[in-house]
Every structure is written in structure tokens, then in C-alpha cells.
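Undergrad: Chain A is already provided as a structure; the job is to place chain B on it using the hints.
Here is how the chains run, residue by residue.
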Amino acid sequence: MRHLLFGNLGYDALPFYSAIATGAASVVVLGALAVLGFVTWIKGWKSLWIDWLTSVDHKRIGIMYVVVSFVMLARAVVEAAVMRSQQAVAYNNPGFIPPEHFAQLFTTHGTIMIFFMAMPFLIGIYNFAMPLQIGARDVSFPAMNSISLGLTSAGAVLMMISLCIGKFSTGGWTGYPPYTELSFSPGVGVDYWIWALTLSSIGNTMTGINFAVTIYKKRAPGMTLFRMPLFAWTALCISILMIFAMPPLTVATLMLAMDRYLGMHFFTNELGGNMMNYINMFWLFGHPEVYILILPAFGVYSETIATFSNKRLYGYTSLVWATISIAVLSFTVWLHHFFTMGQDGNVNAIFGIATMLIAIPTGVKVYDWLLTMVRGRIRISVPMLYACAFMVLFVVGGATGVMLANPGFDYQVHNTLFLVAHFHNMLIPGLLFGMLSAYHYWFPKAFGFRLHEGWGRIIFGCWVGGFILAFMPLYIVGALGMPRRSQEFFEAVYRPYLWVALCGALLVLCALASMVIQLWTSIRDRQSLAVPAGDPWNGRTLEWSIAAPPPEYNFALIPQIDSVDAFHQAKKQHTAWRAPEHYYDIELPSNTPVGFVCCVASGVFGFALTWHVWWAVLLGAGVFFGAIITRSFNRDTFRIIPAAEIRETEERWLLTLRESPAIANDAMFTTANRGLVREPV
Amino acid sequence: MNDDHAAERRQELHGYIIGLVSAILLSAIPFAGVMLGLLSPAALIWVIAVAGLVQVIVHFRFFLHIDLSRSHRDDLQLILFSLLIVVLMVGGTLWVLTNQRHMMG
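For the record, the sequence lines run as chains A and B.
Sequential numbering from 1 applies to the first sequence in full-length UniProt numbering.
Sequential numbering from 1 applies to the second sequence in full-length UniProt numbering.
Next comes chain A alone, as it looks inside the complex (with noise of 0.2 Å):
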């Protein structure tokens, strides 16, 4: 009666067995506990249901997925600070972390940091930016996107419950079995990390398909694919390529969960199973991974370098070449995870030229974005810096990555630090960099008002000497054949780098510190830092050409475009911010409850499964699919805004506008900025 009720769930499962552990979990607790009391505080209940819940708005969704990132960014961080700790005290010496605490933290770290940080980032700034920048009112299946986000949290919740409830998986981010098969990891570990995984995966091939479909079908008239921003260009790239990488990964783990609790054969060591074809599909989705989350941070770049240098983006056809074949390149190269396979040299040889092929395209970029420089009115702003530092540093992980592509270095530093430090090397400045400096750039946009400038680039120092002083070590470690995940060495001559390596993770620390107090001071002072009229960087593309933060029809009058930088253009020819003669009724979609109800079934359905509670896990999935038939049968999705509100809205914002005083571009970072800058002469 028990199990029929409770499953395996016991108060065994409670984190009670470490001090750490116990700590952890009281964190998560303390800190959920802690939000709900605020919420109560300020009376937001009802204010979070209608505004952000059931929203299907794709800014706020976007911001929401932006919020569920920093949460698990947070945690990530603080877990790779504690396995530094530990690597800088570990010579000779258990240190204070023991071994299957510490094969815990790296899985998490990665987990965490690929999945529910990386990840839901980049979604959540293409949601925000990317149909204002093609000159739409919504994605195109606005209640599937609110879906999606709800399957994303669902799995960073599982992500935070197996803090508190049971163990967390050993088996590293990639799972790979015969480990991870129920005969060497019996525990619950390996299910969580299953069912976080398979959740956002799928909700993350439903967003692929939602981008592609709205920027397929949505741009405003006049705007072809060749005049799209990059930024929207990238968009298009990534979702494409999570259409079709992502289901290799969810039959992956769908596979590893039918040998787990079907008693089938798919990767065991015994009766046929196939560990290596496990490896394959992981990495015909991994590879391809690797670009969705570098693609959207050079598609950030070309947005933020072209700004800033007050100029038309060098090699704008060149860079969406160069972005479409780094998209198809992505496909051909999978094997060069796993070199050391088994398989003859002339496949490994292949792949490994096709991966050097990939530099090519990435050079190309990193020159036009060095040749949209040249000669223009350069600010250095903090999206600015993130760009100048990205350049120079992913370079040289670039380089140490053609490095890797050759199979006989490969096989010399494969499980080295070294691979640790190339792919920090990559996913840092090619990835966290870009998100930070979308998150400065579109801040003032989303809320109205800038984030704190002094603060901004005191983050940018603390991230970037952290990420150098944690991960140039590790490249020399990593030579010298230092295994990655290790939690004891006894090479003395590893020392040295490895305290280095932890300065750096502290200073990254710091960094996360001053991204909270960088909040609460912008929130703080969000009057003098206002932004109403809504351009106040002196943008080129169209999400600059309304209200900040934007009404939530986005465009009173879907704008017709003529060419690349079509707000920059009509700001040249002063054409820009004109009152429309008429206002017309906008339809828009109605708040559902439905992406909250998926998100709930499925975390219920997930963590059930994990605890074998099979009641729960029937009444999760029929949740879960009642609701999204019982929302096909509402046929009454949509709301309209009378005209005469638009005509209020729009009117009110073009006074603050005419009022708004035209600054210079020097004083863009001044309190003198409110959202309208001089072009310069």
C-alpha cells in the first residue's frame, strides 16, 4: 500500500546524509519559501496570474524564460566554485567534497548550465527581440510557446527537486551508458536527469518550430529574408536546426528510459546492446546544440557592433552566408566527440576536416564584425566591451579547437582539462558574453529603463578575468594530462594552476554578485534612468521604433520595410515616428492557462516517473493531454483592442517623444538619456 502510494519515495530520499547536501537543499527551499512570501508581500498573486502565467505575450514569455535562466545560472555557478574548491585542495588530500558528491556537481554544472541556462537564455531573448525585429505582433502559435516554456520549467524544477528529494545522476552531462543503464546506476539519479532532459528537449523542438514558422510567415511587407536583421536571421538558423537536433536527443533518452524501466536492450552491455549508437545520436544532437547556443550570440554581436559603431553592418550578405553554412556544417561533423571510438582513421580523418571547414565560415564573421568598426563612431558601451572581449578570446578557443579536430592531437587530450578549457573557451564568450550583452542591449526595451552603466561594466571585468584566470589554466593542466572530473590528484606540479583557476572562479563569483546589486540598483534608480521615447541607443532596426517598454500590440501599424536598417533609414530621411492617420481594431491572443497546467502535469508526470509513484504519473500525462484538448475545442482565442485605445496609447508615447530632449551620442550613457539620440553628422 505504501509503494502503491509513495513509490520509492522514503525519508531516505531527504538530503540529511551530508552537511553540503543539507546546506543545498535548505538554500532552495529558503529561497522558494522566500519568493512566495515577496509575492504575498507586495500583493502580486493575482497581478503574476493574469500579467505573466497565462500570458501568451512573446516579450513576457521571453523575460520569463530570461528569469527561469538566471535562477539555474546561479546554482550552476555556485557548483562550479565549490568543484574548484575542491580541485585547489585536492592533491594528497579527499578534500571536502567526496567522490560521488563531486561526480554529482559536475553532472549537474553541465546539465544546468547546457540546458536550463543556456538554453532558456537564448529563447527568451529571441522571444523578446526577435518578432519585434521582423515587425510582428506575435510568434505565430503564441499558446505553443507559452507550452514550451512550461515543459523548460517543468525540467528546472525537476532540476531543483532532486536537490531536496534523493540523489542526482553521476553519470555526467551526457549520460552515456552502459553507466547510466540501471545496473550500474540503480538510483534515482539517472531518472531525473532522463525526464528534466526529455521535457525541455521536446519543448524546445516545439520554440524550434514556432520561430521558423513565424519568421517564415510573419515578417512585416517589404521585408524579405535578405533584409532581415541578423540577429533574425540567426533566429531562423537555430530554429531550424532544433527541429531537427533535438529529436535525436529525445530518442536518445527515451531509448535509455525504456532499458531502464522496460528491462529492454537498446544500450547494455549484455543481449545486443549497442552502448556506442547511444553516443552517436547524443552527438547528432550535441554538435548541432553546440551552434544553437553559439549561432544567437553572433547574431547578438552583429546587432550590438553595428549600433555602437553608428554603422551599416560590413558583409551583411556574407555574414548570413556564413551563418546559413555554419547551420549545414553543424550536421556533418558529430563525430568528432567521440574520435576515440573505435572507428578506422579515414572516418575519423574526414570528420575532422570537415570540422576544421567550419573555422572558415567563423572567420569570415569575425572579420566583418571587425570591418564594421573600422571607421565608425565607436561607444564603448558594455554590449561594446562584451563584443571587443568575445572577439580576441573566441579566437583563441577557435584556434585550440582546430587544434582538437585533429584526431591524433585529439587523442592525446581527450577527458583532459584542456577539452574543459576549449569548450569554456567557447560557450563563455560565445554564448554567456553575447546573452549578457543582449541583456544590457535589450534591457531598456523590455522594462523602460537602463540597466546601471558603472555596474554593467564591473560585471563585464569580473566575467571576463574570471573566465581567463579560471580557464587559461586549465589548458596548461589539461596538456600536462590532468583528467577532467577529477576529485583527488597527486601530481604535485597540477597545484599552482588549479589556485589560479580558483581566483578565477571567485572572481566570477563577484561577478554573479554584482548582476544582483546591478538589479536592485537599476530598479532602484528607474526613474532617472528612463527611457520612454525608446531608442536610446540610436537603433537601426525596427524594435527601436516604438514605445519602451512596447505596448503589447507591438506596432499600432505593422510598418512597411524597403530595405536592411529600415529605422535607421527612415531616422536619415525623417520619416521615422510618424502618427498614423488611422488606427485600425489589432487582434491579439488571449491569456491561457494552458502552458501553466502543462508546466504543473508535466513536472508532476516527471517526477513520478523518477519515483515510480504510478498514479501520479497517469494523472500528470492525462492533465497534461486534457488540457491541450480540452484548449483546442475554445475556439474564442482571441481578443480585440479597440482602435481608440491604440489611438490613446499611441499618442500619449508620441507626446513624451516630441518632449523627449535629442541627445548627442556621447551623452548616451548620461541621465540625459531618454530614449531619443541625435544622429550624428
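No wet-lab data here; the hints were simulated from the structure.
Hints are supplied without guarantee of correctness; some may be wrong.
To be verified - Examples of chain B residues lying across from chain A (beta carbon under 7 Å, computed):
id : residue
1  : 88
2  : 93
3  : 98
4  : 99
5  : 103
Said to hold, decoys possible - Here are the simulated lysine to any residue pairs, SDA-like style, with alpha carbons at most 20 Å apart:
id : chain 1 : residue 1 : chain 2 : residue 2
6  : A       : 218       : A       : 557
7  : A       : 46        : A       : 35
8  : A       : 167       : A       : 345
9  : A       : 572       : A       : 658
10 : A       : 572       : A       : 585
11 : A       : 218       : B       : 73
12 : A       : 167       : A       : 364
13 : A       : 217       : A       : 8
14 : A       : 217       : B       : 81
15 : A       : 218       : B       : 61
16 : A       : 217       : B       : 79
17 : A       : 167       : A       : 99
18 : A       : 167       : A       : 261
19 : A       : 572       : A       : 663
20 : A       : 218       : B       : 74
21 : A       : 217       : B       : 101
22 : A       : 217       : B       : 74
23 : A       : 217       : B       : 73
24 : A       : 167       : A       : 35
25 : A       : 311       : A       : 27
26 : A       : 217       : B       : 65
27 : A       : 311       : A       : 664
28 : A       : 217       : B       : 76
29 : A       : 217       : B       : 77
30 : A       : 311       : A       : 261
31 : A       : 218       : B       : 77
Claimed, not checked - From chain A, some residues computed to sit far from chain B (all C-beta separations above 12 Å):
id : residue
32 : 245
33 : 247
34 : 271
35 : 344
36 : 370
37 : 488
38 : 549
39 : 592
40 : 639
Since this is a predicted model, take the numbers as computed values, not measurements.
Where a beta carbon is used, it is the ideal one built from N, C-alpha and C, also for glycine.
TA: Showing chain B alone in chain A's frame:
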């Protein structure tokens, strides 16, 4: 206007009927081949493969309305791209795994 509409509908119906008939035929041929046993196994496999491939094209052309006309260029590009990815993924997997099997055998 009404006449145009009716003509359009007639043409559409025409297309669906051609599609349905060819789909049935293309399914019947492999079944007949297997059940009557007139062909050698090797030839039979080829017949089934070709019939399957033509069936795919028939579905695209008559049911999903993908053709070479300009207005459908986007759809066609997406299908060709999907095909490329499927070939890369399936072909690549078969190549890599048989190669490993060979090396271990």
C-alpha cells in the same frame, strides 16, 4: 466569381483523385509482388523501394501540394533540406556504426 470557384474546386478534386488512385496503385504493386511471388527477392526489394519513393513524391505533390512552382519554393527548400539532414543522420550513423563493428570484428 462563383464559376471560378467551382472550377477551382473541380480542379482540386481532380488532383486528389489522381493522388488517391496512384497511391493505391503504388501500394498494390509491392503487395502483389510479394503475394504472387513472380519476381526474384532482389528484384522485389528494388520494386518495393522504388514504389515507396514514388509514393512519397505522390503524397507531396497531390496531398501536401508541394511542386516546383515559385510560390511553393520555400516549402520545397525545406523538404530538400530535411532530406539532406535525414541522409546525413541516417547515412552517417550507418557508416560509423558498421565501421566500428568491422573494426571490432
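Undergrad: Now, for every hint given, state plainly whether the structure supports it.
TA: Hints and how they fare:
no.: 1; hint: 88; result: holds (5 Å)
no.: 2; hint: 93; result: holds (6 Å)
no.: 3; hint: 98; result: violated (10 Å)
no.: 4; hint: 99; result: holds (5 Å)
no.: 5; hint: 103; result: holds (6 Å)
no.: 6; hint: A:218 to A:557; result: holds (14 Å)
no.: 7; hint: A:46 to A:35; result: holds (15 Å)
no.: 8; hint: A:167 to A:345; result: violated (40 Å)
no.: 9; hint: A:572 to A:658; result: holds (17 Å)
no.: 10; hint: A:572 to A:585; result: violated (30 Å)
no.: 11; hint: A:218 to B:73; result: holds (17 Å)
no.: 12; hint: A:167 to A:364; result: violated (46 Å)
no.: 13; hint: A:217 to A:8; result: violated (48 Å)
no.: 14; hint: A:217 to B:81; result: holds (18 Å)
no.: 15; hint: A:218 to B:61; result: violated (25 Å)
no.: 16; hint: A:217 to B:79; result: holds (17 Å)
no.: 17; hint: A:167 to A:99; result: holds (13 Å)
no.: 18; hint: A:167 to A:261; result: holds (18 Å)
no.: 19; hint: A:572 to A:663; result: holds (16 Å)
no.: 20; hint: A:218 to B:74; result: holds (14 Å)
no.: 21; hint: A:217 to B:101; result: violated (46 Å)
no.: 22; hint: A:217 to B:74; result: holds (11 Å)
no.: 23; hint: A:217 to B:73; result: holds (14 Å)
no.: 24; hint: A:167 to A:35; result: violated (25 Å)
no.: 25; hint: A:311 to A:27; result: violated (47 Å)
no.: 26; hint: A:217 to B:65; result: holds (17 Å)
no.: 27; hint: A:311 to A:664; result: holds (16 Å)
no.: 28; hint: A:217 to B:76; result: holds (15 Å)
no.: 29; hint: A:217 to B:77; result: holds (15 Å)
no.: 30; hint: A:311 to A:261; result: violated (58 Å)
no.: 31; hint: A:218 to B:77; result: holds (18 Å)
no.: 32; hint: 245; result: violated (9 Å)
no.: 33; hint: 247; result: violated (10 Å)
no.: 34; hint: 271; result: holds (16 Å)
no.: 35; hint: 344; result: violated (6 Å)
no.: 36; hint: 370; result: holds (31 Å)
no.: 37; hint: 488; result: holds (33 Å)
no.: 38; hint: 549; result: holds (33 Å)
no.: 39; hint: 592; result: holds (29 Å)
no.: 40; hint: 639; result: holds (31 Å)
Consistency note: the structure conflicts with the earlier hints numbered 3, 8, 10, 12, 13, 15, 21, 24, 25, 30, 32, 33, 35.
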